[in-house]
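So the sequence shown is numbered by my numbering: it starts at 255 and just counts up by one.
What the hints contain is simulated information worked out from the structure, not anything from laboratory work.
These numbers were taken from a predicted model, which means no experiment stands behind them.
Treat the hints with caution; some may be incorrect.
Okay, the calculated beta carbon distance ranges per label pair [to be verified]: (1) GLU451 <-> TYR526: 21 to 27 Å; (2) SER414 <-> ASP571: 33 to 39 Å; (3) LYS416 <-> VAL477: 19 to 25 Å; (4) SER475 <-> SER414: 27 to 33 Å; (5) PHE464 <-> SER557: 30 to 36 Å; (6) SER557 <-> ALA396: 21 to 27 Å; (7) ASP435 <-> GLN602: 39 to 45 Å; (8) GLU493 <-> ASP435: 40 to 46 Å; (9) HIS591 <-> THR358: 24 to 30 Å; (10) LYS536 <-> LYS416: 29 to 35 Å.
Quick list of in silico lysine-lysine cross-link-like pairs, DSS-like style, CA-CA up to 30 Å [unchecked claim]: (11) LYS546 <-> LYS466; (12) LYS550 <-> LYS575; (13) LYS424 <-> LYS392; (14) LYS370 <-> LYS392; (15) LYS409 <-> LYS453; (16) LYS546 <-> LYS342; (17) LYS603 <-> LYS429; (18) LYS546 <-> LYS453.
Where a beta carbon is used, it is the ideal one built from N, C-alpha and C, also for glycine.
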Amino acid sequence: MVLRRVFEVEYHITKLQSRQTGQAGLRFKQLLCGRPLLGALGVRMKKVICILFSFVILLTSVFADKSRFYENGKVIDTMYVNSEDGLKVRDYPSLKSNRLCGLTHRSPVKVVAIGKEETIDGITAPWVEILLPRYEWKDFEAEYGWVFGGYLSAKQATFSTKGWTDWNFKNYLSKSHWIEDNDKYDRTILCFEEDGEFKLQIEERGAGAFGKWQIDFKNMSVVTKSAFMFAGDDDYTPEDETIVYKIGNITEFSFTVNGQRYIPYCQWGVLYNEKNVKNTDKDSSNFNLSVKTFLKALYSSESIFGSIYSRSSNLRDSYIKYGIFYSKNLDYINSYHAYWDPIMEEHQKSADAMK
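When you get a sec, could you build the whole thing from the sequences and use the hints?
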């Protein structure tokens, strides 16, 4: 609208100055079509238009991108990785800094502060300081890192298997341990580890299979080669057996094997051991291994977290410290903000000082 008014003013001025020469129509056509304008007035108008255009671009780059990270004047608490290739977490807001860990597509992140802007891959956005997921802490206190905000979104991308490859399929299966969704006493637990290790456990029984696994997403199958073992049976000689699991009905947090539904296996009880492990272990690596698969589910799904929280509300302070947000419980929300708001304020001061 502003440029249109500029055009109209320029047209009337040009018409008055060119009434005797018959050039008004020509000048207006040149102005609209981008052809060279004749005379000093045309040069001045081209400068005005360039300045206005540059100002609009500047406003867009400064405000549009940063506004994505705020809601009602406050930094959005939880955002999501929006990159099929995942996102690197670094120890400093720079591509030249050290990599701390990686986050997969759609992973939630606890935002702590908004940093300086940078243009990367043609995208202008601020660096964002985040809380590392609990299973990435090297010790027993909170650790932080930086991600480029151009690959974060306020809303989580819709779950879909479209375009998946073996790599996506592997990330999906290894993000959790999976248990049969039924009420049997001896339910089967499938463990597809990131390093290719495979475990089949029988709940409440000292038996299981241990071996390797490979994926074939094209045929929607997992091939395992493992040996079954029984606790206390020294006379049994394990032999490798190859089994093909046909995977179907994949949703974000469930799939079926031969019609049997599997869901994430959440051993939240091990969280009670954190203090004991802290007193005996020199770092958090062993504890991380015991909590990684089910914490991913608690971070990613409020419904799963809600079902666990209803049985473990006395672990509230730990969940809050881990950066797990739960919008369905007012007491939890108030405690969450009472803990994190002062921390975020201090981190934002530090981030502002780095700009």
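We went through each hint and held it up to the structure:
Against the hinted window of 21 to 27 Å, the Cβ-Cβ separation of GLU451 and TYR526 comes to about 26 Å, which satisfies the hint. Between SER414 and ASP571 the Cβ separation comes to about 36 Å, which falls inside the hinted range of 33 to 39 Å. At about 24 Å, the CB distance of LYS416 to VAL477 agrees with the hint of 19 to 25 Å. Distance hint check: the CB atoms of SER475 and SER414 are about 20 Å apart, inconsistent with the given range 27 to 33 Å.
Checked against the hint of 30 to 36 Å, the pair PHE464 and SER557 passes, with Cβ atoms roughly 32 Å apart. Here the CB-CB span from SER557 to ALA396 is close to 26 Å, well matched to the stated 21 to 27 Å. Separated by about 43 Å at the C-beta atoms, ASP435 and GLN602 satisfy the suggested range of 39 to 45 Å. At about 30 Å, the beta-carbon gap between GLU493 and ASP435 misses the expected band of 40 to 46 Å.
The hint said 24 to 30 Å for the Cβ distance between HIS591 and THR358, and at roughly 27 Å that hint holds. Under the hint 29 to 35 Å, the C-beta atoms of LYS536 and LYS416, about 45 Å apart, miss the expected range. A threshold of 30 Å between alpha carbons decides the hint, and for LYS546 with LYS466 the separation of about 20 Å falls inside it, so the pair holds. A hinted pair counts as satisfied when its Cα atoms are at most 30 Å apart, and LYS550 with LYS575 qualifies at roughly 15 Å.
For a cut-off of 30 Å, the pair hint linking LYS424 to LYS392 stands: about 25 Å separates their Cα positions. Restraint check: the Cα-Cα separation between LYS370 and LYS392 comes to about 27 Å, which is no more than 30 Å; the hinted pair holds. Taken as a hint, the LYS409 and LYS453 pair is broken in the structure, with Cα atoms around 35 Å apart against an allowance of 30 Å. Among the hinted pairs, LYS546 with LYS342 is consistent with the structure: their alpha-carbon atoms are about 18 Å apart, no more than 30 Å.
Taking the CA atoms of LYS603 and LYS429, the gap is near 35 Å; set against the 30 Å cutoff, the hint is violated. The straight-line distance between the Cα atoms of LYS546 and LYS453 is roughly 16 Å, inside the 30 Å bound, and the hint therefore holds.
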